[in-house]
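Construct the complete structure from the given sequences, taking the supplied hints into account.
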Amino acid sequence: MSQIAAEEVEGRLNALRAVTTLLLAEIARTSGNTERLFERIEDELQFQNHQEDPGALPSRAFAIEAAMTCELRMVVDDARALLEQLKAEAR
Numbered sequence: 314m315s316q317i318a319a320e321e322v323e324g325r326l327n328a329l330r331a332v333t334t335l336l337l338a339e340i341a342r343t344s345g346n347t348e349r350l351f352e353r354i355e356d357e358l359q360f361q362n363h364q365e366d367p368g369a370l371p372s373r374a375f376a377i378e379a380a381m382t383c384e385l386r387m388v389v390d391d392a393r394a395l396l397e398q399l400k401a402e403a404r
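Quick note on my numbering: the sequence shown kicks off at 314 and runs consecutively.
Hints may contain errors.
[Claimed, not checked] Listed next, the in silico DMTMM-like pairs over lysine to aspartate or glutamate satisfying Cα-Cα at most 20 angstroms (straight line):
id	residue 1	residue 2
1	Lys400	Glu348
2	Lys400	Asp390
3	Lys400	Glu339
[Said to hold, decoys possible] Across the chosen pairs, the derived CB separations fall in these ranges:
id	residue 1	residue 2	range
4	Ile354	Ile377	15 to 23 angstroms
5	Ser315	Gln398	35 to 43 angstroms
6	Ser344	Met387	17 to 25 angstroms
7	Arg373	Ala403	43 to 51 angstroms
8	Ala328	Ile377	16 to 24 angstroms
9	Ala394	Leu326	18 to 26 angstroms
10	Ser315	Ile354	29 to 37 angstroms
11	Gln316	Glu355	29 to 37 angstroms
12	Glu357	Glu397	16 to 24 angstroms
13	Gly345	Val322	36 to 44 angstroms
14	Arg353	Cys383	13 to 21 angstroms
15	Glu357	Val332	17 to 25 angstroms
16	Leu399	Arg373	36 to 44 angstroms
If you are wondering where the hints come from, they were derived from the structure by calculation, not from laboratory data.
All residues carry an ideal CB built from backbone N, CA and C; glycine is no exception.
What follows is the structure, given as structure tokens:
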């Protein structure tokens, strides 16, 4: 398996984030229940490992889960901002 440079990985992830954000904003714009859509995604942001203090014992799995949560938060926030921009342009 070939190695991919960190810059290429970051570029690919940024492209996926941009497309995901655009798709989410467009779906939300045409959806009958915009908030429900965002709420369902935000439900995924609730980290649950059934420990009293999540992350007290750092692990690779926790780091991955934390990164996923951070990425989901950024996509949702960016999609909401884009949705507001699309609504403003439509007025």
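Violated hints, by number in ascending order, as checked against the structure = Hints that this structure does not satisfy do not exist here, as all of them hold.
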